[in-house]
Amino acid sequence: MPLSYRFGQPWDKQNSWWAYPFSYVLALWLGSRGMIVAAIGINSLLNPDAPGLSWNTFSHWDSDWYLRIARSGYSHVEGQLYNSTAFFPLLPLLIRGGTSLGLPGELAGLVINNLAFLGALQVLYGWVRTCHSPQVARWATAVLAWCPLSLFGTVVYSEGLFLLFTTASLRAFDQHRHAWAAIWGALATATRFTGITLIPAFWLAALRERRGLGAYLAGLVVGTGLLLYSLYCAIQFGDPLAFIHAQRGWRAGLGFDWQGWLRVLAAVLIGPVVPEKGLAQYLLHLLWVVLLLMGVYGLWFWRQKFKPFLFVLIFCLLGLVQHTWLLSPGVFWKLVLIWGGGYLLWHQQAALSSVAMLYGFCSLGLILVSGSIDSLERYAYGIVSLAVAFGLWGVRYRVWGYALLSYAALILADFAVRFAEGAWVS
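Everything in the sequence shown is counted per this note's numbering, starting at 46 for the first residue and increasing by one.
Just so you know, the hints here were simulated from the structure itself, not pulled from any lab data. Here the structure is a predicted model, which is why all the values come from computation and not from measurement. Ideal Cβ placement from N, Cα and C applies to all residues, glycine included. Take the hints with a grain of salt, since some may be wrong.
Claimed, not checked - Ranges of calculated distance between the beta carbons of each label pair, as one might list FRET restraints:
1) Ala396 to Phe301: 38 to 48 Å
2) Glu321 to Leu262: 56 to 66 Å
3) Val156 to Tyr261: 16 to 26 Å
4) Leu273 to Leu329: 50 to 60 Å
5) Ala468 to Leu299: 24 to 34 Å
6) Tyr261 to Gln326: 26 to 36 Å
7) Trp100 to Leu328: 40 to 50 Å
8) Val156 to Gly118: 19 to 29 Å
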């Protein structure tokens, strides 16, 4: 009897390349990263003024901060608008290690982030395969790899490291390997502040599952990365909370950004509010939104009449219409990842493991009260529980899943070109 039948998994053919997790994960990683490189390369050929492929192409915005810290260390001047202490130390430390081996800083950052992102995909596949099924694992990793925000798993940002450490920590906790959960979690809090949501997630999951003292200690040790960075800030700058105070350059303060979300709502309904636009332009935007929603509803209503390829093609065309003329990319993916992801997390909480569900809600709650809507879609992308929730959704609604992934791949290429040109993406 074939191995797949013994384990009750007929969709995993023994002799198929996708039966081997790393082959599938590597194909996803190469395909999605290849899309990024190809988009930038083709754009440079078609547009003589566009930047070509080089290490510098993949280092803009936050990348400059990480590279500066790796070269010169931290600086924090009280009263200065922007300070490097807002960026956590693990990625700069690893980049410095790479430069000590003779690599350029940009290349070291690229290698670190890309390998970490590949590792995150592999750990996610193994975790979801164990908790759910190979089918859900394939969908979850595909969502993580092809989401447009996965661009930040390739450029010199900390997304790859953060996803690797949080996923490994959650997986270890799920498997009752509390020591490893603590170690991976401590690395996560040394990579990004939002890693602290692992602490309440571990404690609440331990309480819910009636675990022993080790689970609570794991949550406590997770804060070690943050604690060591705070100690460094206290010694170096006399301010143990320098990394929080440095956020003032990017965020005015904590709290739910009602005004920001009202602007998002206005952008959805009538487009950006600017003095140059008249009432007719606002109404025209609203008309286009209504027509687009009617098109999506029609696609859903007559979905049985379309072949899958045609369904995906029409969905992508509708998506490109909204991407080009209606919503800015940031607005659309804010809605999909934060509110759509939050809905899926709530709707599928019974199917998720306790720690995955609690980590997802704690992380969403933290970023929603961060004081600004800027970059929230990128922070939401870093919540691996949302990828699992989207994976469960994709298994149930396959054609819609294929359509969304196909559209996401197109936007990933667009994001890559924008970032290479130095434009703000997220």
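### Task
Evaluate the given range 19 to 29 Å for the C-beta pair formed by valine 156 and glycine 118.
22 Å, holds
### Task
Take the C-beta atom of glutamate 321 and the C-beta atom of leucine 262, compute their distance, and say whether it sits inside 56 to 66 Å.
59 Å, holds
### Task
State, for the Cβ atoms of valine 156 and tyrosine 261, whether the hinted interval 16 to 26 Å holds or is violated.
At roughly 37 Å between Cβ atoms, tyrosine 261 and valine 156 fall outside 16 to 26 Å, so the hint is violated.
### Query
Within 24 to 34 Å or not, the Cβ separation of alanine 468 and leucine 299?
29 Å, holds
### Query
alanine 396 and phenylalanine 301, beta-carbon distance inside 38 to 48 Å?
This hint is violated: roughly 28 Å between Cβ atoms.
#### Entry: leucine 328 and tryptophan 100 - C-beta distance against the hinted 40 to 50 Å
47 Å, holds
### Task
Note whether the CB distance of tyrosine 261 and glutamine 326 lies within 26 to 36 Å or breaks it.
57 Å, violated
### Task
Mind checking the hinted window 50 to 60 Å against the Cβ distance between leucine 273 and leucine 329?
55 Å, holds
Hint compliance for this structure: hints 1, 3 and 6 are not met, and every other hint is.
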